[in-house]
Structures are given as C-alpha cells and as structure tokens.
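Assemble the complex: chain A is given as a structure, and chain B must be docked to it using the hints.
Protein chains: 2
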Amino acid sequence: MAEFAVDPAFEAGSIAVGDLPLCHVRLQTDARWPWLILIPRGPGLREVEDLSPADRARLIEETVLAGQAVRAMAAAIGFTVEKLNIGALGNVTPQLHVHVVGRRAGDAAWPGPVWGVGLPEAYGADGLDTALQAARKALGL
Amino acid sequence: MAEFAVDPAFEAGSIAVGDLPLCHVRLQTDARWPWLILIPRGPGLREVEDLSPADRARLIEETVLAGQAVRAMAAAIGFTVEKLNIGALGNVTPQLHVHVVGRRAGDAAWPGPVWGVGLPEAYGADGLDTALQAARKALGL
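If you're matching them up, the sequences are chains A and B in order.
Residue numbers -7 to 133, in the working numbering, belong to the letters of the first sequence in order.
Residue numbers -7 to 133, in the working numbering, belong to the letters of the second sequence in order.
Keep in mind the hints are simulated off the structure, nothing from the lab.
Keep in mind that a hint or two might mislead.
As the list claims (entries may be wrong) - Covered stretches of chain B, going by a simulated chain A footprint (3 or more residues, C-beta under 8 angstroms):
1. 33 to 43
2. 50 to 60
3. 65 to 78
4. 90 to 103
Keep in mind it's a predicted model, so treat the numbers as computed, not measured.
Ideal Cβ placement from N, Cα and C applies to all residues, glycine included.
For reference, chain A alone in the conformation it holds in the complex (with noise of 0.2 angstroms):
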C-alpha cells in the first residue's frame, strides 16, 4: 500500500499543526481569514465517499473541533467569527482536503467563497505563532 503524503501543493500556502487522529491540520497562511485544513490520513484519497463510514464520522467530527479552533484564532488574532466555510472542493489539487474557514461581514470576500480570491496577506510573525498556538491548544495537540 502506498505511504500517506501531503501533496506538496499544500506546502506552498500552510504550515503544519500537527496531526488528529483520522486528519493532518495545517494553517493557511492567508491572515484574511483564520483558515484550516483537514487532510485524512489515507493514501489516494480523493472524495469523502473513499473513506470508510467511520472514518466519515471521524472527519466530521475533527472538522467540528477545526471549527472550534478557528473561533480560537479568530480570537486570539483579533477577529469574530460570524460564519463558519466548510469546503471540499479539490478542483485543483485532488488530494482529498477539507477547508475550514472563519468569515465575518466585510472580510476580503465576503459573502462569496474565499477560494482563488485576490493574494494571501502575509501574517507577521508573532501573528502567526498566535494562531498556531490558539489552533493547536483548541486543537488538544
């Protein structure tokens, strides 16, 4: 069987969080938005419907707690989140990948999809290590 492995795609725009038990987290680095990524831990995976049904429980669970960590980037960067984005597009990069994403009125895209809008904004470097230490504490990693 073939070894799980982030498409390098991903490396480009996040950063590593860490790994929950089904998904590897990784931080968008756009700091528009508080932004996770679930990525399952499973060689050739493309669609939600390649996953055992336990396993599609587990997802959705781990996309509830990403959710809950958003809210806590969100926080700790000085933003509200008003509206959780739930995406599993993969139109470009197949590997089977789940977005979460904290919006709030008036945010660069708002109220259309974050997806292939404008350039990602640089976080400073305190900013960033703000969010990954809210992810990953809300996260239990």
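This is chain B only, laid out in the frame that chain A set:
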C-alpha cells in the same frame, strides 16, 4: 420548539426532491451543474456543530449519498462528474445547508468554486424532469 421550515431563499433557486432521514433535499435549478442541496430538518440550525454527533454522522452519510445522486443526475443529462464539490457556507442564507455539486474540467466556473459565478441557466422541461428522476432514484426516494 419552533418548527423546521425551509428558508424562502432556497425556493427561488431550487426545487424539492424529497426527504432523507435527516435532510430535506433540493435540486438547484441551474443546468450548468448537477447540484443538490441538503438541509437538515431541525429548527434554528446554522452550523454543523449545532447538530448532535449522531446527526453529524447522518449528515456526512447523506452527503455521500447525494454525491452518488449527483453522478446519476450528471449521467442522465449527459455529463461525467470528475470531482465532487461539497460546501457548507451560509454567508448569504445562514440556515444550515450543504451543497453537493458535480464538477468537470471546462465547466462554467472550473477550477474555481461555483457559488456566485454568473447567472443560473434554466433546465429545459425534459432535462429537469430527467435530472429529478435520476436524483430520486439514486436517493431511494
């Protein structure tokens, strides 16, 4: 406890397909994509985290089933789905709902997300009936 009701905003752009154990299912009346919407039947739901863990597991199973129905709709109207897109956004209509959309290279928004792109394209009367019947059969409705 308040009754469950579908936000009138859904009625403008979609038609009822039927009810699964957890979700009311609607077909987005936009011939550009085979597209179903799942609306969990509970009052006041906004986020996935508002569901119980048991209902969250039901939601992801119904999402997988809806993906199969989207593939069946696509086949019935002459498309092949290359990638499923799943999204729970709710920035415009906050009632909890999950989009399941069949995507193919070169479609009207490829490879970007479908939400907010251009104007819906009407189904012909036969096409809509064909898609609806394929969806109902695949969903067991």
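What hint numbers does the structure not satisfy?
Hints that this structure does not satisfy do not exist here, as all of them hold.
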